[in-house]
Amino acid sequence: MEMIQPPGQPETHRRIGEVILDLKNISLSFGGVKALTDISFNVRQHEIRAIIGPNGAGKSSMLNVINGVYRPQQGEIVLRGQSRTNMDCYGAAKAGIARTFQNIALFKGMTVLDNIMTGRNLKMKTNFLQQAFYLGAARREEIAHRAKAEEIIDFLEIQAIRKTPVGRLPYGLQKRVELGRALAAEPEILLLDEPMAGMNVEEKQDMCRFILDVNDQFGTTIVLIEHDMGVVMDISDRVVVLDYGKKIGDGTPDEVRSNENVIKAYLGQAHGETAA
Amino acid sequence: MLYREAGQFKTSYVSDGQILPIRQDRIALLTLIAVALLAVPLLASPYLLSAILIPFLIFSLAALGLNILTGYAGQLSLGTAAFMAVGAYASFNFVARIPGIPLLLAFILGGLSAAIVGIAFGLPSLRIRGFYLAAATLATQFFVIWCLTKIPYLTNYSASGVVTVQTMQMFGYQFATPQAKYLLVLVIVSLMALLAKNMIRSNVGRSWMAIRDMDMAAEVIGFRPLRTKLLAFAVSSFYCGVAGALYAFAYLGTVEPEAYSLDLSFRILFMVIIGGVGSILGSFLGAAFIVLLPIFLNMLAHSLGLATNYASNLELMVFGGLIIFFLIVEPHGLARLWQIGKEKLRLWPFPH
Amino acid sequence: MSFFIEVLLGGLLSGVMYALVAIGFVLIYKASGVFNFAQGAMVFFAALTCVGIIDKFGVSLWIAIPLTILVMIALAFAIERVVLRPLVNQPEITLFMATIGLAFFIEGLAQLVWGSQVRKLDLPIEDVPNEYLMEHFNILVSQFDMTAAIVCALLVIALGLLFTRTRVGRALRAVADDHQAALAVGIPLQRIWVVVWSVAGLVALVAGMLWGARNGVQFALTFIALKALPVLILGGFTSIPGAIVGGLIIGASEKLAEVYIGPMVGGGIEGWFPYVLALLFLLVRPEGLFGEKIIRRI
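Protein chains in written order, with the working numbering: chain A, 1 to 276; chain B, 1001 to 1352; chain C, 2001 to 2298.
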């Protein structure tokens, strides 16, 4: 395993590039509830972008918008220069966006290997009839993708559990498998929704290492939601702060850390102070 | 001791991906195939063939079809018998109206007809789920059977609404004896089971299971729910259609609507539940169970001197009781019990 | 025109009977989250037991009814102990399949104990046209049907009061919402289930007697339960008023379709029309008229 590069130090793979995803004035509401109000920020290629904020700030909704799960009522999504506001889940997946979920969304009835293989779905070209007869093309394809899945299994160090049904795995390993499934799609943009929630220190370190390695080795752009401030400040290049559906901070970790609004949002206002 | 896997290492993905990775399993299956193909036709009585083995194979195929839809794709269906009926009527019509049509082609076309109906009635599955979908499949069951009874063209304008099917023949050879019918059914069912197994372990099978387990996440990965569900309906109905055609041609000898009633749908559902939801082996085990149980109960009632209607009511009670029993004790059915047995066998004679 | 009204009324009244069966479903679903496929079998069993007691022991209807109620309560106990308790945390679909097994079991048991001949059930209401309506409006409506409607209305009012005004009712609603939470506040889950299934059994008895008096007590009674499914789809699975409205719609549309559309396509529409209607309805409103909208969080 390669050594982790401390953030901020230039490294050949992590040359942060042009803006790959641009979100302009996104507003999203459900019925009467406004989840997101006029949010704008961008994500550069190869960077690690964190979205932080108190509970209920709308972070997951933001990911859902990027992913095509929700269509924003207002605003524009520009992906690689093309306007993709009306993208649905399938379109997002085809466009190279993969994600993990806050509450693990693994396919509980399948093994680890099968779950990761599902991530290869969009790369499979044979149809069901070819697969039924399992000769020639279908066979070759299945084996080829199996090899790819095994690479990811090696990368995430989960070889021993590859044939275990995921329902039987402990929480931390399930999260890792979910990461593997997202990686199997070889995404350009990886959305991680609280990848370290519910983990102990060791598991968090492992997950950090994997996230950094993914960014290093594959050049994947990462947008992640995370509550652990230590992690966020350590591994992210830039941070967006949301509160009550509005953006209250945007910049490098240091900039955001000293932003008054951010401090107020997290720590609350002292009695007697007026809002800035 | 006999069932040790030690020493059987897999050095390539190809060998790891085999259907039967353990050598002992392969030997067992080959033996079973040899027995089924060679010994059984020679040694079994016509009664055993016609009344037990042939229906067992046909129901296994139907249970396989239902398992694809309900077990692997998670769409509960109570309309299995209707799809079987479509297959039967369609095959009959193809044979009757296109002289000289190859028998297998007629069966395939019957299956395809059932698949088309399956797709049509599967369309609601995008909006509806769970028991609502089950209720919708009841609509399929009643409506399709009604259609088949009301359209005289389909029964070749038969006065009674019941038609006797033609004798099956291929290349001039008539499949008239129980042995011949048995072998034909065996080959068809075995081949289709193999195809099903291949589908299940490939991407299409994973797509079904993904939609079943978490359709939201599946969509995010790039599976398309409507297409996946409709494909499940189509393949499942195809299997049930062929099973229905075989039911008419190789077992009943007639095509009649009463044979494809709601009762049959329930029976096949029971086969799937008892045999094991989401398991190919389970379809066979469940079918065997349901075919053998009434015979066993009849013998029991006979030996106890009870009247025959006792036996049929007892049958209902035992079926119902067993469903509940299996759901409580082993929701994954006989197939899981089989798996547990095999795992114990791997350790035998050691306890752990 | 009066023929239309007759058919309509006839349909509405048979709809009332469907509603009666559907109410049994709703009760159990509301209070235990179980879709009780065996409700139809329970209707059959209750009716058969009642008639069987009358025939075998020669007692009057008014003695047979309480005895049957006792039997239904015993059945509820048995079901809770043998089926519900072992399956307490299983997914809904498992419980649904268990009730399918239960249905078969009860059907077999009923016929094993009481035999399978069709029996006649005599209720002290006659199936004759109501004279008042006949004279004044020239409409042929059966006395029997009207009584059934009144019984149904009374039952609904009683059940409504039970659910909203009593402690037991509140406990039932709590259990329907969340088993674990109800247990946590000390609601005796198992006792509640026995209560619910007993009440459902009582409703099944009423439905069974009315249907049985009209059509004779026979195995076909269980198919009426299947008809309750479209009723529930229309009315939503958790609403008693919904079951009534659904029942009326299904009953009326079924009769009207049979009478007006039936002759054009060869008859026998009643067998599938309600289901197809429900199916089409589901496409527009997946949770029924009165059902609760299911919101899924990602």
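Errors might be hidden in some of the hints.
Unchecked claim - 25 Å max Cα-Cα, derived DMTMM-like pairs, lysine to aspartate or glutamate:
1) A:K264 <-> B:E1330
2) A:K24 <-> A:E76
3) A:K108 <-> B:D1213
4) A:K163 <-> B:D1263
5) B:K1010 <-> A:E194
6) A:K94 <-> B:E1330
7) A:K125 <-> B:D1215
8) B:K1010 <-> A:E76
9) A:K94 <-> B:E1343
10) B:K1150 <-> B:E1330
11) A:K125 <-> B:D1016
12) B:K1197 <-> A:E141
13) B:K1197 <-> A:E150
14) A:K163 <-> B:E1256
15) A:K125 <-> A:E150
16) A:K108 <-> B:E1343
17) A:K108 <-> C:D2178
18) C:K2030 <-> C:E2258
19) A:K163 <-> B:D1215
20) A:K123 <-> B:D1263
21) A:K123 <-> B:E1330
22) A:K24 <-> A:E194
23) A:K108 <-> A:E47
24) A:K148 <-> B:D1213
25) A:K123 <-> B:D1215
26) B:K1010 <-> A:D88
27) A:K108 <-> B:D1263
28) A:K108 <-> B:D1215
29) B:K1010 <-> A:D154
30) A:K163 <-> B:E1330
31) B:K1150 <-> C:D2178
32) A:K148 <-> B:D1263
33) A:K246 <-> B:D1025
34) B:K1197 <-> B:D1215
35) A:K264 <-> A:E186
36) B:K1150 <-> C:E2270
37) A:K125 <-> B:D1213
38) A:K163 <-> B:D1213
39) B:K1010 <-> A:E150
40) A:K108 <-> C:E2092
No wet-lab data here; the hints were simulated from the structure.
Now the hints, each set against the structure:
1. A:K264 <-> B:E1330: This hinted pair is violated, its Cα atoms lying about 55 Å apart.
2. A:K24 <-> A:E76: It holds: about 5 Å lies between the C-alpha atoms, which stays within 25 Å.
3. A:K108 <-> B:D1213: holds, 6 Å
4. A:K163 <-> B:D1263: Given that 25 Å is the threshold and the Cα spacing comes to 39 Å, the pair is violated.
5. B:K1010 <-> A:E194: violated, 37 Å
6. A:K94 <-> B:E1330: violated, 41 Å
7. A:K125 <-> B:D1215: Judged against 25 Å, a Cα distance of about 21 Å means the pair holds.
8. B:K1010 <-> A:E76: violated, 51 Å
9. A:K94 <-> B:E1343: violated, 42 Å
10. B:K1150 <-> B:E1330: violated, 43 Å
11. A:K125 <-> B:D1016: Since the Cα atoms of K125 (chain A) and D1016 (chain B) sit roughly 22 Å apart, the hinted pair holds (cutoff 25 Å).
12. B:K1197 <-> A:E141: holds, 17 Å
13. B:K1197 <-> A:E150: Holds. K1197 (chain B) to E150 (chain A) sits at ~22 Å (cutoff 25 Å).
14. A:K163 <-> B:E1256: violated, 47 Å
15. A:K125 <-> A:E150: Holds - the C-alpha atoms of E150 (chain A) and K125 (chain A) are around 19 Å apart, at most 25 Å.
16. A:K108 <-> B:E1343: holds, 22 Å
17. A:K108 <-> C:D2178: This hinted pair holds, its Cα atoms lying about 23 Å apart.
18. C:K2030 <-> C:E2258: Given pair K2030 (chain C), E2258 (chain C) is violated - Cα atoms ~33 Å apart, limit 25 Å.
19. A:K163 <-> B:D1215: holds, 22 Å
20. A:K123 <-> B:D1263: violated, 43 Å
21. A:K123 <-> B:E1330: Distance of about 37 Å is beyond 25 Å: violated.
22. A:K24 <-> A:E194: holds, 24 Å
23. A:K108 <-> A:E47: This hinted pair is violated, its Cα atoms lying about 32 Å apart.
24. A:K148 <-> B:D1213: holds, 24 Å
25. A:K123 <-> B:D1215: holds, 19 Å
26. B:K1010 <-> A:D88: Violated, because 41 Å separates the two Cα atoms, which is more than 25 Å.
27. A:K108 <-> B:D1263: Status violated; Cα separation ~33 Å.
28. A:K108 <-> B:D1215: holds, 12 Å
29. B:K1010 <-> A:D154: holds, 17 Å
30. A:K163 <-> B:E1330: The given pair, whose Cα atoms are some 22 Å apart, holds under the 25 Å limit.
31. B:K1150 <-> C:D2178: violated, 48 Å
32. A:K148 <-> B:D1263: violated, 47 Å
33. A:K246 <-> B:D1025: violated, 61 Å
34. B:K1197 <-> B:D1215: Given pair K1197 (chain B), D1215 (chain B) holds - Cα atoms ~22 Å apart, limit 25 Å.
35. A:K264 <-> A:E186: Judged against 25 Å, a Cα distance of about 39 Å means the pair is violated.
36. B:K1150 <-> C:E2270: With a Cα-Cα distance of about 14 Å, the restraint between K1150 (chain B) and E2270 (chain C) holds, given a limit of 25 Å.
37. A:K125 <-> B:D1213: holds, 23 Å
38. A:K163 <-> B:D1213: Holds. K163 (chain A) to D1213 (chain B) sits at ~18 Å (cutoff 25 Å).
39. B:K1010 <-> A:E150: holds, 14 Å
40. A:K108 <-> C:E2092: Within the cut-off at roughly 17 Å; holds.
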